[in-house]
Amino acid sequence: MTDAAVTLDIDAIAEAGRKAKGKRPQFFEMEESERLMGILMAVVEELAVTRERLDTVERLLEASGGLNREAIDSFHPSAEQARERGLMHQEYIARVMRVLQQEREALEEAQRRGPDKPLEQVSEELGNS
Amino acid sequence: MEDRQVPPAYDEVGQHGVFPQANHDERARFNFLANLNGYLASQVLPGVATAYEARAKPRFAEHHGHEPQTRKEVRACMEADGYYQSWSSIRRNTMEMRQQAGRSLVLRQINDINERAHALNKNDSNLQLDDSVKVPHYVSAVDIHCMPGCYYTELAPGDVSVGANYDCGLFVTTGGMLGRYSDGGGQALANWLKEQYEAGFRPRRVLDIGCTVGHNIVPVAQAFPDTEIVAVDIGAPVLRYAHARAKSLGVNNITFRQANAEALDYEDGSFDLIITCMFLHETSAKALPKILAETQRLLADGGKVLHIEQPQYGEDMPLFEQFMRDWDTFNNNEPFWGAMHDMDLFEQMADAGFDRDKMSILGLAAVVDESIFPAAANDDTEDYGRKPAWHVYVACK
Numbered sequence: 000m001t002d003a004a005v006t007l008d009i010d011a012i013a014e015a016g017r018k019a020k021g022k023r024p025q026f027f028e029m030e031e032s033e034r035l036m037g038i039l040m041a042v043v044e045e046l047a048v049t050r051e052r053l054d055t056v057e058r059l060l061e062a063s064g065g066l067n068r069e070a071i072d073s074f075h076p077s078a079e080q081a082r083e084r085g086l087m088h089q090e091y092i093a094r095v096m097r098v099l100q101q102e103r104e105a106l107e108e109a110q111r112r113g114p115d116k117p118l119e120q121v122s123e124e125l126g127n128s
Numbered sequence: 000m001e002d003r004q005v006p007p008a009y010d011e012v013g014q015h016g017v018f019p020q021a022n023h024d025e026r027a028r029f030n031f032l033a034n035l036n037g038y039l040a041s042q043v044l045p046g047v048a049t050a051y052e053a054r055a056k057p058r059f060a061e062h063h064g065h066e067p068q069t070r071k072e073v074r075a076c077m078e079a080d081g082y083y084q085s086w087s088s089i090r091r092n093t094m095e096m097r098q099q100a101g102r103s104l105v106l107r108q109i110n111d112i113n114e115r116a117h118a119l120n121k122n123d124s125n126l127q128l129d130d131s132v133k134v135p136h137y138v139s140a141v142d143i144h145c146m147p148g149c150y151y152t153e154l155a156p157g158d159v160s161v162g163a164n165y166d167c168g169l170f171v172t173t174g175g176m177l178g179r180y181s182d183g184g185g186q187a188l189a190n191w192l193k194e195q196y197e198a199g200f201r202p203r204r205v206l207d208i209g210c211t212v213g214h215n216i217v218p219v220a221q222a223f224p225d226t227e228i229v230a231v232d233i234g235a236p237v238l239r240y241a242h243a244r245a246k247s248l249g250v251n252n253i254t255f256r257q258a259n260a261e262a263l264d265y266e267d268g269s270f271d272l273i274i275t276c277m278f279l280h281e282t283s284a285k286a287l288p289k290i291l292a293e294t295q296r297l298l299a300d301g302g303k304v305l306h307i308e309q310p311q312y313g314e315d316m317p318l319f320e321q322f323m324r325d326w327d328t329f330n331n332n333e334p335f336w337g338a339m340h341d342m343d344l345f346e347q348m349a350d351a352g353f354d355r356d357k358m359s360i361l362g363l364a365a366v367v368d369e370s371i372f373p374a375a376a377n378d379d380t381e382d383y384g385r386k387p388a389w390h391v392y393v394a395c396k
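Residue numbers (numbering that gives the first Met the number 0), protein chains in the order written: chain S, 0 to 128; chain B, 0 to 396.
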């Protein structure tokens, strides 16, 4: 055995997510559902991690006297603060629901002036005029 | 709320000399996954049973004129059921997430872990590696339990990353039921052997086959420091990790040796006790009889062989339970799981030369520090194959 361990130079982020050898089963009828579930569960996981981290921050702050955690639960915003927070929710919801909002826009546009042309068609038109 | 079972925090997991150091979010990730597995087993899985009884089975009977009569038929009708699909998909994702969580934790500090392992292993004759040992097809066909790199892949010569990844995530699948060092199986074995010792069975040499990171044999070595133990595996990285792990825990009476258990070079009757722990299901129909024949050859007269596994299916096990226990065969890269659990292990052992009259089944559950870790023996959740409560197939010679 040599005197020193071999030093590895790897991309730990890429390596961590490597696929295991073996065909991945498909559980749902559509493979899109499979992908969405995978992404969704990873986001669920990371939200749980963030919540635990926030809990740690609160507990550390409380221990250092910088925060009374009961004050968080008994906090009531002023009217102005409440409005700012309401807007925060609305902005967040708009981001999350963008795909449905844009689909509705497309439906309404189609009703008004016919459906959008496929990009292949627009591309061809611009290439020829 | 008082009555709700909460798994211990990952912070309680034991830190031996080559254990990866988890930061806050890495511990949180394992805490989440342990709780998610608990939720799936206790809250979602019962719905899968209901879906089978209430709609999948009647639907099958309507189409075929009879209820499902084989495990394959149960599988065919359940794979079309939406609730089963969701449970399966999420369960598969938990396995993949656990692997990514373990690997990201290990690989960001791999040079440090490899250095620590190297320092513990250097010039130690208790670690015996052999380049000529080939990885058998049943280990290389797929990455077992979706573990990228399986037990044998090295990212560089001397690497132990697959061992560290396997070890650090054992906590997750069982929600801490394997105890502080994920060694509840080994602790149970050590307790069994103490009872045997009192009764006069006092093995001088012990063989552990398919030892991986050594978590199932180290407690035996700790309980019997004067007993000579040999632990074999085909994977060099897990053996390097196992030896360093054991040594850092103060264990010096195990020789970790790279070898294929289908043909070992020890003399006949070399061991008084031979153990496999959750190993036979990771072999193959061809290899298993060879391994059993080797145990028969290597066991001394008066010796005992123990095979620790989940229960065999057998005719008296309901088809639905067989189907559920078979999930890992197709969905968690355990391709020999189903075929192995269909076998009559006693018949296989008899074919290997053991006396049918000297065989018995022993129930064994992980032994843990119950002030912190949940005891599998007291847990009544049916998770169809994950709980560390086993059947031990025993043969005496």
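Check each hint, because a few of them may be wrong.
The calculated lysine to aspartate or glutamate pairs, modelled on EDC-like cross-linking and capped at a C-alpha distance of 16 angstroms, are [claimed, not checked]:
{"#": "1", "chain 1": "S", "residue 1": "Lys-20", "chain 2": "B", "residue 2": "Glu-95"}
{"#": "2", "chain 1": "B", "residue 1": "Lys-193", "chain 2": "B", "residue 2": "Glu-153"}
{"#": "3", "chain 1": "S", "residue 1": "Lys-22", "chain 2": "B", "residue 2": "Glu-95"}
{"#": "4", "chain 1": "S", "residue 1": "Lys-116", "chain 2": "S", "residue 2": "Glu-102"}
{"#": "5", "chain 1": "B", "residue 1": "Lys-121", "chain 2": "S", "residue 2": "Asp-115"}
{"#": "6", "chain 1": "S", "residue 1": "Lys-20", "chain 2": "B", "residue 2": "Asp-225"}
{"#": "7", "chain 1": "B", "residue 1": "Lys-357", "chain 2": "B", "residue 2": "Glu-320"}
{"#": "8", "chain 1": "S", "residue 1": "Lys-18", "chain 2": "B", "residue 2": "Asp-225"}
Label-pair ranges, simulated between beta-carbon atoms [to be verified]:
{"#": "9", "chain 1": "B", "residue 1": "Gln-42", "chain 2": "S", "residue 2": "Arg-52", "range": "23 to 29 angstroms"}
{"#": "10", "chain 1": "B", "residue 1": "Met-316", "chain 2": "S", "residue 2": "Asn-67", "range": "35 to 41 angstroms"}
{"#": "11", "chain 1": "S", "residue 1": "Arg-52", "chain 2": "B", "residue 2": "Gly-81", "range": "47 to 53 angstroms"}
Keep in mind the hints are simulated off the structure, nothing from the lab.
Quick reminder that beta carbons are idealized off the backbone N, C-alpha and C, glycines included.
Hints and how they fare:
Taken as a hint, the Lys-20/S and Glu-95/B pair is honoured in the structure, with Cα atoms around 12 angstroms apart against an allowance of 16 angstroms. With a CA separation close to 37 angstroms, the supplied pair Lys-193/B and Glu-153/B exceeds the 16 angstroms bound. Proximity of Lys-22/S to Glu-95/B is assessed by CA-CA distance (about 13 angstroms); at most 16 angstroms being required, the pair is judged to hold. Restraint check: the Cα-Cα separation between Lys-116/S and Glu-102/S comes to about 15 angstroms, which is no more than 16 angstroms; the hinted pair holds.
Of the supplied pair hints, the one linking Lys-121/B and Asp-115/S is violated, its CA atoms being roughly 69 angstroms apart against a limit of 16 angstroms. Of the pairs offered as hints, the one joining Lys-20/S and Asp-225/B is violated, with about 41 angstroms between alpha carbons and a cut-off of 16 angstroms exceeded. Between Lys-357/B and Glu-320/B the alpha-carbon distance is near 29 angstroms, which puts this suggested pair outside the 16 angstroms criterion. With a C-alpha separation of about 43 angstroms, the suggested pair Lys-18/S and Asp-225/B falls outside the 16 angstroms cut-off, and the hint is violated.
The hinted range of 23 to 29 angstroms is satisfied by Gln-42/B and Arg-52/S, whose Cβ atoms lie roughly 25 angstroms apart. At roughly 56 angstroms, the beta-carbon separation of Met-316/B and Asn-67/S lies outside the given 35 to 41 angstroms, and the hint is violated. About 35 angstroms separates the C-beta atoms of Arg-52/S and Gly-81/B, a value inconsistent with the hinted range of 47 to 53 angstroms.
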